[in-house]
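Quick mapping for you: the protein sequence lines, in order, are chains A and B. With the numbering used here, letter number 103 in the first sequence gets 324, and the count goes up by one each step, no holes. With the numbering used here, letter number 129 in the second sequence gets 130, and the count goes up by one each step, no holes.
Treat the hints loosely; a few may be bogus.
No farther apart than 27 Å at their CA atoms in a straight line, the calculated lysine-lysine pairs in the DSSO-like style are these [claimed, not checked]:
1) B:K48 to B:K63
2) A:K380 to B:K108
3) B:K48 to B:K27
4) A:K380 to B:K48
5) A:K450 to A:K345
6) B:K27 to B:K63
7) B:K27 to A:K288
8) A:K377 to B:K48
Far from chain B by the CB rule (all over 10 Å, computed), these chain A residues [what the hints assert, rightly or not]:
9) R225
10) H247
11) I265
12) Y271
13) G305
14) N308
15) Q364
16) E366
17) I387
None of these hints come from the bench; they were simulated from the model. Computed from a predicted structure; not experimentally measured. Note that the Cβ used here is the ideal one computed from N, Cα and C, for glycine as well.
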Amino acid sequence: MKARVRRWLEEGTVDVFIGYRQVDGHPLPYCFTRENLDALDGLINSPARYALEKIATHLASRQPDLKIGILSLDTNRRALNVLGIWNQINPENITTVDADDAASGVATPDDMRTFEPVVPGPYKQQVGIDNAMSPADAEAFDQSERFSRWMYEFEKCIKCYGCRNICPVCFCRECSLEHRDLIGTGPLPPDVPIFHLVRAVHMAGRCIDCGLCEEACPADISLRLLYRKVNQILDNVFEYQTGSDPGQPPFSLLGNQVTLEPKPLDADK
Amino acid sequence: MECELVPSVCSYCGTGCGVLFEVIDKELAGTLPMKTHPVNEGKLCIKGWNLHEHINSPLRLKQPLVRSFGRFLKTGWDEAIAIAARRFREIIDQYGPESVGVLVSAKITNEENYLAMKLARAVLGTNSVDHCARL
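Model the full structure from these sequences, guided by the hints.
So, in structure tokens, the structure goes:
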């Protein structure tokens with residue numbers, strides 16, 4: 222695998238390869254280039270996930286014809302599909318390497334600490350929403366309890382914008398969460414649940430269920446579960462599975478086909 | 002195209018969260034939380050998330066300013082320090098060393114805080130040393 226990436230860099234199939242490398246004892250994202258081929262010996266797969274495709278969009282926005290290789294998991298590939306659909310990257314310039322593939326030869330070092338699933342504390346279990354719940358479990362509470370449990374989660378928010386900043390598919394230049402007339406930056410505490418519901422609605426057709434938002438949330442809000450519900454609605458109502466196919470059209474609430482008979486412009490003559 | 006992810010420590014407060022600076026072509030393009038850092042475990046507050054904004058801000062102060070007739074004028078370090086020292090001298094001579102206090106910061110290192118304390122006690126002669134994180 223390392224040999225393949227090396228060959229790609231040498232032959233110019235990719236100009237830069239984004240993977241992971243151990244730096245100062247931490248597995249960190251690393252951009253491998255033609256100028257520094259020896260660094261490839263340190264190419265690893267990291268147990269700590271980063272949004273590598275977001276780094277790729279930053280590179281592509283500066284140099285659109287740059288050919289980028291990415292070490293990818295399922296989530297990275299779904300994110301790349303969405304980013305391609307929304308014209309943030311050109312899929313023709315992207316080459317991926319499967320990090321799941323045992324034959325890829327990119328090892329996860331044994332001595333690196335892996336993330337244990339977080340067990341919610343007793344208070345969160347009592348009054349909040351367990352992050353590991355399925356959307357169906359979370360909906361099993363009666364309405365008033367469900368509302369109070371979700372409000373408990375949302376009220377913890379410190380409005381760090383971390384969920385948006387880390388999101389691989391959040392790329393808008395203007396964000397509703399920052400717009401003066403909608404939510405606005407600055408005032409604390411944030412408007413709950415509006416802040417979170419606005420973001421949840423905007424995740425329709427974008428969220429690829431990578432869970433990075435929940436990992437980045439300092440208040441441990443069950444964001445992934447919330448966006449899972451959004452994806453479930455998308456699947457049930459619109460039959461749209463976000464990121465499943467690079468050829469799918471961008472999600473539109475109005476549907477993809479015009480069902481009204483188009484009227485000729487001179488119809489009244 | 003050169004892209005580097007540089008591990009660092011957030012300079013904002015005394016907590017010491019691990020951050021990753023996204024440096025593209027020698028320009029700071031973004032800040033990420035370091036996932037494996039023992040302090041913050043992949044989380045950041047809003048100040049940490051926006052570290053790169055401070056560095057690239059056109060409002061960033063890059064040289065000392067001296068207030069003269071109500072206006073801030075750009076000056077060099079030697080002149081600024083000389084003016085500050087002269088004013089300290091005047092104030093201490095007139096009102097005594099207890100009239101001066103030193104406010105240190107969580108944004109500088111432990112060692113620099115120690116030196117500031119030393120300056121306050123040994124040079125200025127005041128015990129009034131306080132810190133922005135003493136809430």
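Cross-check of the supplied hints:
Between K48 of chain B and K63 of chain B, the direct Cα distance comes to roughly 20 Å. Compliance with the 27 Å bound is thereby established for this hinted pair. For the hint pairing K380 of chain A with K108 of chain B, the CA-to-CA distance comes to about 22 Å; that is within 27 Å, so the pair holds. The suggested pairing of K48 of chain B with K27 of chain B holds, with an alpha-carbon distance near 22 Å, which does not exceed 27 Å. This hinted pair checks out: K380 of chain A and K48 of chain B have alpha carbons roughly 11 Å apart, not beyond 27 Å.
Of the pairs offered as hints, the one joining K450 of chain A and K345 of chain A holds, with about 20 Å between alpha carbons and a cut-off of 27 Å not exceeded. Between K27 of chain B and K63 of chain B the alpha-carbon distance is near 18 Å, which keeps this suggested pair within the 27 Å criterion. Between K27 of chain B and K288 of chain A the CA atoms are separated by roughly 20 Å; this keeps the pair inside 27 Å, and the hint holds. Taken as a hint, the K377 of chain A and K48 of chain B pair is honoured in the structure, with Cα atoms around 18 Å apart against an allowance of 27 Å.
Separation of R225 of chain A from chain B is adequate, the least Cβ-Cβ distance of about 21 Å exceeding the 10 Å criterion. Consistency note on H247 of chain A: stated as away from chain B, yet its beta-carbon is not over 10 Å from all of that chain's, at 5 Å minimum. At roughly 13 Å, the least C-beta separation between I265 of chain A and chain B is larger than 10 Å, which holds for a residue marked as non-interface. Against chain B, the non-interface label of Y271 of chain A is violated: not every CB pair exceeds 10 Å, the least being about 7 Å.
Non-interface call for G305 of chain A relative to chain B: holds, since the shortest CB-CB distance, roughly 20 Å, exceeds 10 Å. Residue-level check passed: N308 of chain A sits 20 Å from the nearest beta carbon of chain B, beyond 10 Å. The Cβ of Q364 of chain A lies farther than 10 Å from every Cβ of chain B, with a closest approach of about 32 Å, so its non-interface assignment holds. Annotated as non-interface, E366 of chain A keeps its C-beta farther than 10 Å from every C-beta of chain B; the closest such distance is 28 Å.
Residue-level check failed: I387 of chain A sits 7 Å from the nearest beta carbon of chain B, not beyond 10 Å.
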